[in-house]
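Enquirer: Okay, here's what each chain looks like letter by letter:
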Amino acid sequence: MANLGKIARRGGLYTLLGGFAFFGAFPFYWMVIAAFKRDHDLFSPLNNPFLFNEPPTLDHLRLLFFETHFVGYLWNTLLVGLAVVVITLATAVPAAYALARWARGWGETLGIGIFLTYLVPPTILFIPLSRFASFFGLQESLWSLILVYPTFTIPFCTWLLMGFFKTIPKDIEEQAMIDGLSRFGAMWKVVLPLSISGVLTVVVFAFTLSMHEFIYALTFISVSAKKTISIGVPTELVRGDVFQWGPLMAGALIASIPVAVVYTFFLDRFVAGFTMGAVK
Amino acid sequence: MGRVEIRAITKLFGEVRAVDHVDLLTNEGEFLVLLGPSGCGKTTLLRMIAGIEEPTSGDIVIDEREVTHLPPRMRNIAMVFQSYALYPHMTVFKNIAFPLRARGVDEESVRKKVDWAAGMFKIGRLLDRKPRQLSGGERQRVALARAMVREPSVFLLDEPLSNLDALLRASAREELRQFQRRVGVTTIYVTHDQVEAMGLGDRIVVMSQGKVRQVGTPLDIYQWPADTFVATFVGSPPMNLLDQGDTLLGFRPETFLPADAVEGSEGIVTWPFEVTYLEYLGAERLVYGNVGEKSHARHVAARLPGSMNLSIEAGMTYPFAVARGDLRRFDKKTGLALPGGTT
Amino acid sequence: MSAPAHAAPPPHVADYGGITDREGALAKLMIAPAVVYIAAMIGAPFVLAILYSLSDATTGDPALRLVGLQNFRAALADPVFRMSLRNTFVFTLVSQTIVILLSRILATALLKNFRGKWLVRFLILLPWTAPISLGTIGWLWMFDSIFSPMDWVLRYVGLLGTKDALFGFQTNMYWLGIPGLSMASVILVQAWRILPLATVIQLAGLSSIPKDLLEAAEVDGATPWRRTLMITIPLTLPIVSIAFLFGVVFTFTDLVVVYVLTRGGPVHTTQVLSSWTFFKGIEAGDLAQGAAISLFMFPVLAVVAVFILRLARRTEVV
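Chains as they are written, first to last, in numbering that gives the first Met the number 0: chain A, 0 to 279; chain B, 0 to 342; chain C, 0 to 317.
Keep in mind the hints are simulated off the structure, nothing from the lab. It is possible that some hints are incorrect.
Claimed, not checked - Computed list of lysine-lysine pairs in BS3-like fashion (alpha-carbon distance at most 27 Å, straight line):
no.: 1; chain 1: A; residue 1: Lys5; chain 2: C; residue 2: Lys116
no.: 2; chain 1: A; residue 1: Lys188; chain 2: B; residue 2: Lys210
no.: 3; chain 1: B; residue 1: Lys332; chain 2: A; residue 2: Lys188
no.: 4; chain 1: C; residue 1: Lys116; chain 2: C; residue 2: Lys210
no.: 5; chain 1: B; residue 1: Lys129; chain 2: A; residue 2: Lys165
no.: 6; chain 1: A; residue 1: Lys188; chain 2: B; residue 2: Lys93
no.: 7; chain 1: A; residue 1: Lys188; chain 2: A; residue 2: Lys165
no.: 8; chain 1: A; residue 1: Lys5; chain 2: C; residue 2: Lys210
no.: 9; chain 1: B; residue 1: Lys112; chain 2: B; residue 2: Lys129
no.: 10; chain 1: C; residue 1: Lys27; chain 2: A; residue 2: Lys169
no.: 11; chain 1: A; residue 1: Lys169; chain 2: B; residue 2: Lys129
no.: 12; chain 1: C; residue 1: Lys27; chain 2: A; residue 2: Lys5
no.: 13; chain 1: A; residue 1: Lys165; chain 2: B; residue 2: Lys93
no.: 14; chain 1: B; residue 1: Lys93; chain 2: A; residue 2: Lys169
no.: 15; chain 1: A; residue 1: Lys188; chain 2: C; residue 2: Lys27
no.: 16; chain 1: A; residue 1: Lys165; chain 2: C; residue 2: Lys116
no.: 17; chain 1: A; residue 1: Lys188; chain 2: B; residue 2: Lys112
no.: 18; chain 1: C; residue 1: Lys210; chain 2: A; residue 2: Lys165
Full structure from sequences and hints, please.
Expert: Right, dumping it as structure tokens:
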């Protein structure tokens, strides 16, 4: 009898989880379908949208890669992402370390202050920043994004790294200093190697955050060739008033899935760093 | 080699005096123990000697060099933390080699010295392992080897045995002592465990609330405590203290025995001892009870050797005595020991 | 300093090593780049936004001439602005309430171990791990006024397209074309998008409750309901509140979903402050008005920030 209750509860659990998984994923399911469906099949309202009523096609992909700037968008996104990661690391790693370790008192206040700037939204800053961009002649340039994106990656990543650095026992650094390194040497040669997982998490987050960014990209860049994936796909795959659904879905799919896979993988580490502070 | 001089060292954390005007001078090659309850300042003092904590005022001199404001790496000291602080991402070999490589020693000398240090602690076969693969005792030895490999002039240890389980602790203690005697490096050792302190130390520095209460050999500390704090902190059960108006009369439990068994060249003092509670511990018996008139009876302890077969029962009163030579007297207000000893 | 007893006084070394050893100086040096960047790229623009809101600048004539509060007055008088303001609150509060309730259920379910967990996690996280604008594109197709698969299903099961159908005689729902429905659609997509983030945070909170506490309560005779009510909920309240507040901040200030799905339509019925700021300030070029509209978001953000700070202290997260 108890077994039946257990099975029922298990069944309930699976149904619930299945439901949520379905809810989360089904727009992407349509992307997969639409990316390979022939236009004729796609645009017949009477056809079953869940299935391939006509054999699948690669036409949309062909169009996407050879007749649009899609590859260019990918390239732009990659460039911006990497540059932003470098800037973020160079700024956030030292700051997080100093705040986590040394700056007692004022350090904690400053750390919180930096974290709070994450809450200042792009929709307040984008008007003045667009003026900055044109003042420096950077409008329509990827550099405008590279210079502006750290406004959200630095605060967030500094906070993330602070959490990671705090998990490394002070003993180890002090031991390294006694063993012959300076304070800076102890950080560089002992603490950082131990925080590789934290640093990697920051790299992934900084990259994906800049890849997802929409508002600044929309504001600063209107020249088609210079767009990033995030704005390029939704705004450029239109002929007149009509969306080119096939290529549009294909583009969205290609740009989403790899990022999602990597991001999911690193989420575990993020949560570990997050809960380190919460579980004392 | 290995002389540490601490002059009027004070450390303030905000308003709190963690270390209050401490003066200390080590003898070369001695095993000096800093003993006290948690919060007494012993670890802070050790950290200031190491250089990872800066004193608010005072000086530290190591081997005729004033090091008070020098960073740790310039002091030629080695330290072992309570957690051992082994570098988790390095092998045992790399851990031990670390201090040498940090100073730019050439690879051949590094290898020779690591082998030498590893041999001293019998961990040669562990050189390729990582810390997480080692037991507590093995990690401790790696930490010691790493500390010794540089042949420092002073060796600092912060409660290195407290992470080991009880059985291991005793043998580790013995090994540590033997090793220190063999190598002869001045060692400063922090602990809150008075048994450990008595067993290990050439001299013991008893501290409380940032101040030094007494410095002396284990015998001095135990037999002639400088004040009531030392008298009650060292020794378990602690020294019995009886109220005598302006003074406190002290005697150790093992000197408080059935009157017939006590001899004293200067005579003995007897009290009726009403027993309330007994503990049979095999090698000895601890007898707790009251001494003095009913209205202000004082709770005292007696320690009878196991070989003494007298029958003692709770609820009964027996005549117990202390030899006059074993009595100590303390000023009730200041707690300080008073010279002389008889009633 | 007492005089030493030895013959020659030891040499006094003045410096504490070099800069690589001095804690205070090194710390300041390492924090400086971040602070300078933030001051220049967040602090300064913020001040500039305030200045713009008090000016009459446009992209044609961007000079900063201070003209007082006319932009704010104009905004308040503008019915579209007022609708945006109202919509923003509705959009935020409804979507985030849905999120916090659903994420709690989902997080509780995810505490258990089961087969295929990695796949379920991946799928559940997709709305957040994929770039938001692209995920929303998927929904654009879902809501299409002719080809919507949801409409197809509704027609298939007879809830749409026939005389007695529950949802009416028309063949399509026009998810994005009918005023109330479009708001619901936008709210749905926003909830869809934030749900994974909230779930992750709630999961972290739920996992951090020491098992001892719940076991002790069980031994004391507490039912699962009581344990949830008296232990789980109070202990996770700080982190749940943080999750809620973050969701509120992101939703309150974000325009992606609205922009991609409806561009604020139909007839501004899904316009929110952030999208309206964009249309007025960037697309139409009225910098001053745009800045003023965006600043209406600030009071809410400040209040939320204060709450987050208080809660963060309690969970030791920040």
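Enquirer: Decide, hint by hint, whether the structure agrees.
Expert: Hints and how they fare:
1. A:Lys5 to C:Lys116: Measuring from Cα to Cα gives roughly 19 Å; hence the hint holds.
2. A:Lys188 to B:Lys210: violated (38 Å)
3. B:Lys332 to A:Lys188: The given pair, whose Cα atoms are some 55 Å apart, is violated under the 27 Å limit.
4. C:Lys116 to C:Lys210: holds (22 Å)
5. B:Lys129 to A:Lys165: holds (23 Å)
6. A:Lys188 to B:Lys93: Given that 27 Å is the threshold and the Cα spacing comes to 13 Å, the pair holds.
7. A:Lys188 to A:Lys165: Distance ~17 Å between Lys188 of chain A and Lys165 of chain A Cα, so the pair holds.
8. A:Lys5 to C:Lys210: holds (22 Å)
9. B:Lys112 to B:Lys129: Status holds; Cα separation ~19 Å.
10. C:Lys27 to A:Lys169: holds (19 Å)
11. A:Lys169 to B:Lys129: Distance of about 20 Å is within 27 Å: holds.
12. C:Lys27 to A:Lys5: violated (59 Å)
13. A:Lys165 to B:Lys93: holds (24 Å)
14. B:Lys93 to A:Lys169: Status holds; Cα separation ~20 Å.
15. A:Lys188 to C:Lys27: holds (20 Å)
16. A:Lys165 to C:Lys116: Distance of about 30 Å is beyond 27 Å: violated.
17. A:Lys188 to B:Lys112: holds (22 Å)
18. C:Lys210 to A:Lys165: Holds - the C-alpha atoms of Lys165 of chain A and Lys210 of chain C are around 24 Å apart, at most 27 Å.
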